[in-house]
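Participant: Each chain, written out:
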Amino acid sequence: MWQVIYEELRDQGLEIIAVAFDTAGRAAVEPKIRATDIAERPAMLAGLMGWDDALWARQAPPTYPCLIDETHLVAELYGMNNVPQAVWIDEQGRIVRPAESAGTIDMVRHLNRETLELPDAAVAEGAQARNAYIEALRNWVHHGADSPYVLPAAEVKRRLRGPGESEVLAATHVKLGRHFYAKGALAQAKKHFDQAVTLCPESWNYRRQSMMLDPENVGQLNAGPDFWAAVDALGDTPYYPPADLAPVR
Amino acid sequence: MTTILYDDRESAVDARADGAHLWLEAEALERATGWKLEPQGLCRGDACVQTRADWRDDAGRVDLAAFAAHLGQPMIADADTVAFGASVNARRDDLLSTQAPDFTLPDLDGTLHSLSDYRGKKVFLYSWGSY
Chain D
0 MWQVIYEELR
10 DQGLEIIAVA
20 FDTAGRAAVE
30 PKIRATDIAE
40 RPAMLAGLMG
50 WDDALWARQA
60 PPTYPCLIDE
70 THLVAELYGM
80 NNVPQAVWID
90 EQGRIVRPAE
100 SAGTIDMVRH
110 LNRETLELPD
120 AAVAEGAQAR
130 NAYIEALRNW
140 VHHGADSPYV
150 LPAAEVKRRL
160 RGPGESEVLA
170 ATHVKLGRHF
180 YAKGALAQAK
190 KHFDQAVTLC
200 PESWNYRRQS
210 MMLDPENVGQ
220 LNAGPDFWAA
230 VDALGDTPYY
240 PPADLAPVR
Chain C
0 MTTILYDDRE
10 SAVDARADGA
20 HLWLEAEALE
30 RATGWKLEPQ
40 GLCRGDACVQ
50 TRADWRDDAG
60 RVDLAAFAAH
70 LGQPMIADAD
80 TVAFGASVNA
90 RRDDLLSTQA
100 PDFTLPDLDG
110 TLHSLSDYRG
120 KKVFLYSWGS
130 Y
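Which chain is which? The protein sequence lines are D and C, in order. With numbering that gives the first Met the number 0, the residue at position 73 of the first sequence is 72, and numbering never jumps. With numbering that gives the first Met the number 0, the residue at position 3 of the second sequence is 2, and numbering never jumps.
Hints were generated in silico from the structure; no laboratory data involved. Fair warning: there could be bad hints in the mix.
[What the hints assert, rightly or not] Computed cross-link-like contacts, BS3-like style, restricted to lysine-lysine with a CA-CA straight-line distance of at most 27 angstroms: (1) D:K182 to D:K31; (2) D:K189 to D:K31; (3) C:K121 to D:K31; (4) C:K121 to D:K156; (5) D:K156 to C:K120.
Every value quoted in this text rests on a predicted model; they were computed, and no experiment measured them.
Please put together the full structure from these sequences, using the hints given.
Facilitator: So this is what it looks like as structure tokens:
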């Protein structure tokens, strides 16, 4: 979906890098990116992610790098606990906005679980959040370091959750999990992903990945009973905390 | 044969597990981890760590478990595979600098891309999953 934005902003110095946290690797990722599937992606996804009709109609296969991250390494490096999340990095390689929801709001809560439909009001709210985020991105590309959306280093550090022992241990389990998955040892792989989830219960990436490890589930949208039970267990905590776009001095 | 997962390396080595210890020949250690046994200690890039006496056995092997523990790296063994993770301090140092940590990953065609390849551009790095 970001191809539309890329085409608009690449000549002004923006590069987009997409990273897929998918232990099943290319098998899971390729069908979601290559041209033939783009038109068949469910409209539900548009509403869920806040893409309005105008943008959705212009979707095209990406020409920016789309990378495959089987061990969720970038999630660990950047403190990403869910997808989709985004980080902004300036020309000197500094983080100017650390990991946050990439323009999505907590739409998952409004989804009708039987029909996978969204109420119109929710769709409108989602589009508004999405467009505000895109506006912020445009502003950064146009104004660089002067953009109010560029966070001072102190604020970047404040928002960054430094990993603890649980996080690095969980990431090591994921490394093992991916290794066993690649060897076809599914039960062993799942055991390590489950350990990672126990260690990092707030990581939706690990949780959703572990639910989707069966080869027959590869590439499917995770909308089964286990997933919904986990979402309900959040209570009032958002599934996708929206990006806090307020400028910080 | 033991499979060692260290950083993004995967190596098959002869390793002797003995309680909490994991003994490797110096050559195997270097192959598996990139750390080379020099007179001044175990060295990698511009880092050198003085080797402690109890990290060596009589045959001159090195206890990778003890060395990793010294560096704060978690170690998890399962059957014949031993995986090592990053230390909390290494991860925290990255983040405190607010420098974006570098990484290298393949695209759909298998071509490797590093974040550092794009220095000089504004980078919008976003994550997604097929699930």
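Participant: Now tell me if each hint is right for this structure.
Facilitator: To see whether the hints hold, each was checked on the structure:
no.	hint	verdict
1	D:K182 to D:K31	24 angstroms, holds
2	D:K189 to D:K31	24 angstroms, holds
3	C:K121 to D:K31	25 angstroms, holds
4	C:K121 to D:K156	19 angstroms, holds
5	D:K156 to C:K120	22 angstroms, holds
The structure is consistent with each of the numbered hints, conforming to all of them.
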